[in-house]
Amino acid sequence: MRCLDGHIYPPAGQPGYFADSAYQVWRRPRWVYSIAELQLDREIDSPLTANLCRWPMVNDSHPGFPVSPTVMLPASKQNLRGKMTVSLFPLGWGHYLAGGLLIGAGVSLLFILTGWIGGMSTVFSSTWSYVSRRPFFQQPRFIETRAWRLVFALGLILGAALWWQWLGPVGGIRTSVPLWQLGAGGVLVGFGARLSNGCTSGHGICGLASFQWPSLMAVLTFMVTGFITANLVLFLGGH
Amino acid sequence: MTLAKFLAVIASGILFGFGLAVASMISPEVVLSFLRFRDFGLMLVMGGAVCVTLLAYRYAPRLLSRPWLEEQFSVRPSALDRDTVLGAAIFGMGWGLCGVCPGPAIAGLGAGNWPLLVAVAGIAVGAYAQGWLQDRTPVRHH
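Residue numbers (our numbering), protein chains in the order written: chain A, 1 to 239; chain B, 1 to 142.
No lab work stands behind these hints, which were simulated from the structure alone. Just so you know, these numbers come straight off a predicted model, no measurement behind them. Built from N, CA and C at the ideal position, the CB exists for glycine as well. Warning: the hint list may mix true and false statements.
Pairwise CB distance ranges, derived in the manner of DEER restraints [unchecked claim]:
#, chain 1, residue 1, chain 2, residue 2, range
1, A, Gln165, B, Leu3, 19 to 29 Å
2, B, Leu133, A, Leu232, 42 to 52 Å
3, A, Leu234, B, Leu133, 42 to 52 Å
4, A, Leu88, B, Pro138, 29 to 39 Å
5, A, Arg133, B, Tyr59, 40 to 50 Å
6, B, Leu69, A, Ser210, 12 to 22 Å
Please work from the sequences and hints to get the whole structure.
What follows is the structure, given as structure tokens:
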């Protein structure tokens with residue numbers, strides 16, 4: 001079965017399209033689904049958000065026939081069919097909570113072992129101190145922390161790679177957000193986060209967990225501008 | 001950096017990155033659907049992460065005299081000034097445009113989300129521009 005974003009689920013050459021996919025769903029803990037399955041769930045479970053799906057399914061083995069999502073439903077989910085009309089969490093909520101707890105565990109472990117505060121945006125300034133002689137980047141707060149911040153970033157990549165190998169879809173995740181949006185958005189994200197001295201992890205997790213009012217202000221501010229921009233982009237025909 | 005510290009930092013990073021992947025935040029689509037009020041899952045991600053971190057930040061300094069591998073517990077620098085709010089506003093605009101923030105941009109590379117390299121490069125450029133601008137304006141550094 002091929003999604004229109006280019007992924008093939010499950011991988012070609014495996015017998016039994018549906019059997020294999022169902023096997024993968026059942027094999028995992030209930031809260032862990034691959035993105036492909038999440039999108040299927042979204043299509044099945046929530047008619048309200050069906051228009052969100054930008055990846056209509058194509059039945060490769062029987063062209064012209066629609067894919068029957070019923071076959072993909074694990075038995076435990078059959079009773080949900082048609083019932084979840086309105087949901088705050090159309091993709092389920094367990095994996096979000098589990099992910100959040102793991103993120104918190106990572107930041108906490110770093111604090112307990114080293115006493116360091118693990119926000120993720122500073123690495124983008126501190127790493128410049130290796131190559132730029134500008135006085136801003138040569139501040140002690142960057143020089144002294146640049147090594148562990150890079151190692152921490154490497155850990156993030158390894159952690160996601162571990163998920164990919166263990167639980168993720170074979171082809172990995174591939175976003176379909178256009179590159180110009182990623183690039184232009186990235187520049188604003190980098191500039192803003194560094195000007196504000198924190199991002200979603202710095203202000204949102206470390207700052208809020210330290211009961212810092214400025215971080216609460218920052219979180220509320222970037223939520224509001226984020227809501228506005230994301231909806232504006234959609235309204236103007238972006239992804 | 002000693003080996004013990006290296007292992008401590010990389011283990012913490014692995015937990016962080018694994019959590020980001022489990023929470024599906026390494027897909028910008030998920031972030032964008034949150035910002036469009038279609039899926040409120042990111043509230044659970046942030047809520048869960050804050051609850052755990054809050055316990056650590058609050059109780060670790062009370063229960064331990066110092067971190068295992070360092071001299072003292074750091075305190076996050078914080079100030080409510082124009083830059084904090086203005087920067088957050090700009091950050092939010094970028095976040096709403098691309099659905100990527102610094103942590104997931106880095107972690108996503110580990111799950112084969114190669115297009116996020118463009119976002120990582122963008123963030124690096126933006127961070128450089130911020131430092132460049134700070135050097136040119138006669139205001140105090142943080």
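Here's how the hints hold up against the structure:
For the pair Gln165/A and Leu3/B, the supplied restraint of 19 to 29 Å holds, since their beta-carbon distance comes to about 25 Å. Under the hint 42 to 52 Å, the C-beta atoms of Leu133/B and Leu232/A, about 25 Å apart, miss the expected range. The beta-carbon spacing between Leu234/A and Leu133/B, approximately 31 Å, falls outside the hinted interval of 42 to 52 Å. Remark: the range hint 29 to 39 Å for Leu88/A to Pro138/B is contradicted by a beta-carbon distance near 48 Å.
The hinted window of 40 to 50 Å between Arg133/A and Tyr59/B holds, with their beta carbons roughly 42 Å apart. Checked against the hint of 12 to 22 Å, the C-beta distance between Leu69/B and Ser210/A comes to roughly 21 Å, which is consistent with it.
Against the hints set out earlier in the document, violations occur for numbers 2, 3 and 4.
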